[in-house]
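Asks: Using the sequences and the hints given, assemble the complete structure.
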Amino acid sequence: MLIEIIDVIISGMINGSVYALMAVGLTLIYGVSKAFNFAYGSFYSMGGYIAFLLFGAAFINSYLVVFLLAAPVLFFFGFIIEKLLVAPLRKRDDWEIKVMMITLGLALFLDNSYQVVFGARMKSLPPLMEGSFEAGDFFLSYQDIVIFVLSIGGILLFRWFLNNTRTGMSVRAVAQNPAGAQIVGIPKEFVFAATFAISTVMVGMGGILLAQKYFVTPAGGWNILVKAWVITAFGGMGSIKGGLYAAFIVGMLEAFVGWQFGMTWTLMALFAVLLTTLAVRPQGLMGKWG
Amino acid sequence: MINVQNMNAYYGDFHVLKNVSLTVDEGQIVVMLGPNGHGKSTFLKSVCGLVEKVDGTLNYKGESITGLRAERLVNKGITYIAENRELFPEMTVLENLKLGAYSKSARPHEKENLERVFSLFPRLADRKGQFASTMSGGEARMLAIARGLMSNAKFLAIDEPSLGLQPNLRDEVARIIKEINDQGMTVLVVEQNIPQITELADKLYVLEEGRITFEGSKEDALCNDHLKEIFLGM
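Just so you know, the sequences run in chain order E and A.
Heads up: take any position in the first sequence, counting from 1, add 29, and you land on my numbering.
Heads up: take any position in the second sequence, counting from 1, add 1306, and you land on my numbering.
Just so you know, these hints were derived from the structure itself, not from any lab.
Since we're looking at a predicted model, the values are computed, not measured.
Mixed in with the good hints there might be a few duds.
Calculated lysine-lysine pairs in the DSSO-like style (CA-CA distance at most 30 Å, straight line) [stated by the list, open to error]:
id, chain 1, residue 1, chain 2, residue 2
1, A, Lys1434, E, Lys270
2, A, Lys1404, E, Lys270
3, E, Lys127, E, Lys63
4, A, Lys1404, A, Lys1534
Replies: Right, here's the structure in full:
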């Protein structure tokens, strides 16, 4: 029983860490540019498919190489998408809702493209690392440890970037006051595109990390979009810290609900969290209303 | 130094500025007066590349800067200081100042400008680590001016610097403007009617309903009955 509970907590922590990485990306776009990206889940799948393609290439067999190659591809893709699809809408009335519509369209387009190119069957990736740590009944796979360390490492790296680099500071400046950012000479449009691109890298990396556990499928991103959305709303739209807490709470909740009632109930539990949040504290854990 | 010819600016369909022309020579303090809502702020923002729909020609140091956006202009030494300050609330005083030196031309001078700003505003040096959102109105105003100076500007466009300040702080703002002007800064100030600021002017403009209705020296303005009545309160 005790071992079982520990297993559940660990599983919640590991999923929570990857959710945190992905939710931070989603909340970042919202916090900086007030845009909501509905194709976020499809970018998650894209990470998985890029890794699948890279592993298919004969000379690549290490995850390090895959991460190093996938990151710039995802960044470039996100940057181009922002410039081509999102930026032109920003000058129009009601642009927020138009951005939702166009990214929703992009999501459908991408998911169907995956199906055409890769087929509907799920793809698997090799494990990050073989083996496990065992002590009596207690069991923890090295793969899970690596996933946890990489996700947390990614978040810490991103935090360092926000607080200690000039570009990171300009991202925070645009999030806090776009007009002020323009006045000091920060190229706002570039910052919008760059944050969109960074968030694409974050969710794509999350896609690679989770692909070994949950496989890659054409529509597999929707589940992730829903989760990232719930976490973002629960943590507070645009609040990175709130998103972090919310991600771990949701990861835990999922693990415990899955353990007690079965995995089919986890999504239901998430919606219960979302509805309660919206009813009781619509600004989320740490968000500012408006 | 700055020359504006026939500037027109629009917000949507609303025609805010109508054929505004203005010249500021190097080393001058030029003050633009006018009632609220008649386009003064829009004019300053248009000069600084912060308004979308502007036409007319703009020259800076003999070079055309028509149509350039703020990020390019700040780099050339033209900086806007906002009436509502536009600080970064969840950043410290020091971070706000550092972001003031964001442009490429300001970066090499960040350290010396920081020292200069702290000697002009000793109170900001004491509050380096404080969040901008926790500052009083007067301090926030000082920080906005200080952040503008961090850009290594040669030309400052200051939007109603004494708005909402108590009289003793207005004197302080006027003193600072005088001091940076003495150090070689060219300044264009927009104000409603603040004697401390108007007194500094080498040249006055009056903007009413989007048009320039007066251009001249303080002495000329005092002879103009219309102005005396409306702006100088006499």
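Asks: Evaluate each hint against the coordinates.
Replies: The hints, checked one at a time:
| no. | hint | result |
| --- | --- | --- |
| 1 | A/Lys1434 to E/Lys270 | holds, 24 Å |
| 2 | A/Lys1404 to E/Lys270 | holds, 24 Å |
| 3 | E/Lys127 to E/Lys63 | holds, 12 Å |
| 4 | A/Lys1404 to A/Lys1534 | violated, 43 Å |
Checked against the numbered hints listed earlier, the structure breaks hint 4 alone; every other hint is satisfied.
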